[in-house]
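Novice: What follows is each chain in one-letter form.
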Amino acid sequence: MNGSAIAYSEDIGSVVRQNEDMLLRVARCITRDRESAKDALQDAVLSVLTSKGSFTGAASLKTYLYRTVVNKCIDTNRRNARWRTLLFFMRPEDLSPGAVPVPESASQGMVIKDFINRLPDKIRIPFILAECEELPYQEISEILQVPLNTVRTRIFRAREKLRGLALKRGILP
Amino acid sequence: MKQCEQFRMLVSRGLDGDLAASETAFLHEHIICCQECMKVNEQYLRLRTLLRTPMAVVEPVLDQAHVSRSFWQMGWKIAAMLAVCIGVLGTLFLARNDSGDARVIHIIDKTLYPYMNTPIGALAYYRHFAGHVVQTQFFSISAQALPSMRSSLSDSVLYSYRSPLFQDKEAE
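The listed protein sequences derive, respectively, from chains A and B.
Mind the numbering: the first sequence is residues 1 to 173 in full-length UniProt numbering, read in order.
Mind the numbering: the second sequence is residues 1 to 172 in full-length UniProt numbering, read in order.
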C-alpha cells in the first residue's frame with residue numbers, strides 16, 4: 001500500500017467516523033430495516049475503500065460516501081424485494097405491544113413515517129435526505145447524480161403525496 | 001391553479017432553504033393573497049413538526065404479538081392466495097390433454113427375426129398440452145420388449161407397429 005492509498009483510507013476512516021450516525025440513519029430510512037442498513041453501510045465502506053480509482057475528487061469525500069451508501073441501500077432494497085410477499089403477511093402493529101400508551105402526536109408521526117415508507121424509492125430517497133437529514137438540494141443532486149431541478153420536483157412530489165395521504169387520514173386539517 | 005402548483009413547489013423548496021432572496025419575496029407576496037397556498041404552507045410545516053416529534057421507541061416483542069388476532073386478520077389474504085392457487089391449478093387441469101398420441105415413426109426392417117433383441121422400429125410418443133406438443137419421447141422397439149409393451153400400450157398402438165412378419169411368427 002503506497003502513501004496516497006494510506007492517506008485515502010485514513011480520510012475515509014475519519015469521514016466515516018464523523019458521519020457514522022447520519023449515514024446509518026439514512027441507510028435505515030432507505031432500507032426500512034436496521035440490520036439491512038448496517039449491512040449496506042458496511043458494504044459501502046468496503047466498496048469505497050477498495051475502489052479508490054472511482055473517486056475523482058469532483059465531489060467531496062463525504063458526498064461520495066453518501067452516494068455509495070445510497071446506491072448500496074437501493075441494491076439491498078432490490079435484493080430484499082423477494083421477501084415482499086412474506087412482509088405482506090406481517091402487520092407491524094401486531095408485533096408491537098398494544099398496551100403501551102403513545103402520545104397522539106407521536107402516533108401521528110408514526111403514521112406519517114409509515115406513509116413515507118410506502119412512497120416509491122424515486123421520490124422517497126431525495127425526500128428523506130432533504131427532510132430528515134436536512135441536506136441542501138445541491139448535495140442531494142450530487143449524491144443521487146440527478147439534475148438539481150429533478151431533485152426539486154421529486155421532493156415536491158413526495159411532499160404532495162404525503163400531504164394527500166395525511167389529508168385522507170384526517171391528520172392534517 | 002397551475003400557477004398555484006408552481007407556488008406550492010416554491011413553498012416546498014422554501015421549507016428546505018433552497019430559495020433565493022428574490023424567490024422568497026415573490027413567494028411571500030403570493031402567499032399573503034392566496035389562502036390556498038397559505039394553507040399548503042401550514043400543512044407542510046405541520047408534516048415537518050409531526051415527522052420531527054420524538055417517537056416512542058417500540059421494539060417488536062414477539063412474545064407479546066397478538067398471534068390469534070393477526071391470524072384472523074390475515075385470513076382474507078390466505079383465502080385470496082388459496083383462491084388464486086386453486087384458479088391456476090384448475091386452469092392447468094382443465095387445459096391438460098392427457099391423451100398422448102403414440103405412433104410408429106419408422107419400421108427399420110420387417111424381415112428381422114422377432115425374438116432377437118434388435119430394434120425393429122421406433123415409437124414416438126407425443127404429449128399434448130393446450131393444443132401444443134410439449135413432450136416428445138422416442139422409444140426403440142425390439143422384438144423382446146414387445147410382450148411388456150403390449151400390456152402398457154393400447155391395442156391400436158400395438159397394431160400400428162406390428163410388422164406382418166412379426167405377426168406371422170407370433171401366430172405360430
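Just so you know, these hints were derived from the structure itself, not from any lab.
Ideal Cβ positions, reconstructed from N, Cα and C, are used throughout, including at glycine.
Just to be clear, a hint being listed does not mean it is correct.
Pairwise CB distance ranges (calculated) [stated by the list, open to error]:
1) Leu24(A) with Leu94(B): 37 to 45 angstroms
2) Cys34(B) with Arg79(A): 26 to 34 angstroms
3) Gln138(A) with Glu29(B): 23 to 31 angstroms
4) Glu35(A) with Glu5(B): 19 to 27 angstroms
5) Asp121(A) with Arg52(B): 18 to 26 angstroms
6) Val146(A) with Thr49(B): 26 to 34 angstroms
7) Ala80(B) with Lys113(A): 33 to 41 angstroms
Cut-off 16 angstroms, straight-line C-alpha distance, at most; resulting in silico cross-link-like pairs (EDC-like, lysine to aspartate or glutamate) [what the hints assert, rightly or not]:
8) Lys161(A) with Glu5(B)
9) Lys122(A) with Asp75(A)
10) Lys62(A) with Asp121(A)
11) Lys62(A) with Glu139(A)
12) Lys39(B) with Glu160(A)
13) Lys38(A) with Glu10(A)
Novice: Now tell me, hint by hint, if it's right for this structure.
Specialist: Cross-check of the supplied hints:
1. Leu24(A) with Leu94(B): 37 to 45 angstroms: For leucine 94(B) against leucine 24(A), whose Cβ atoms are near 54 angstroms apart, the range 37 to 45 angstroms is violated.
2. Cys34(B) with Arg79(A): 26 to 34 angstroms: Cβ of cysteine 34(B) to Cβ of arginine 79(A): about 46 angstroms, so the range 26 to 34 angstroms is violated.
3. Gln138(A) with Glu29(B): 23 to 31 angstroms: 26 angstroms, holds
4. Glu35(A) with Glu5(B): 19 to 27 angstroms: 40 angstroms, violated
5. Asp121(A) with Arg52(B): 18 to 26 angstroms: 22 angstroms, holds
6. Val146(A) with Thr49(B): 26 to 34 angstroms: For valine 146(A) and threonine 49(B) the Cβ distance comes to about 28 angstroms; the hint holds.
7. Ala80(B) with Lys113(A): 33 to 41 angstroms: 27 angstroms, violated
8. Lys161(A) with Glu5(B): With Cα atoms ~13 angstroms apart, lysine 161(A) and glutamate 5(B) stay inside 16 angstroms; holds.
9. Lys122(A) with Asp75(A): 13 angstroms, holds
10. Lys62(A) with Asp121(A): 22 angstroms, violated
11. Lys62(A) with Glu139(A): Given that 16 angstroms is the threshold and the Cα spacing comes to 10 angstroms, the pair holds.
12. Lys39(B) with Glu160(A): 13 angstroms, holds
13. Lys38(A) with Glu10(A): 21 angstroms, violated
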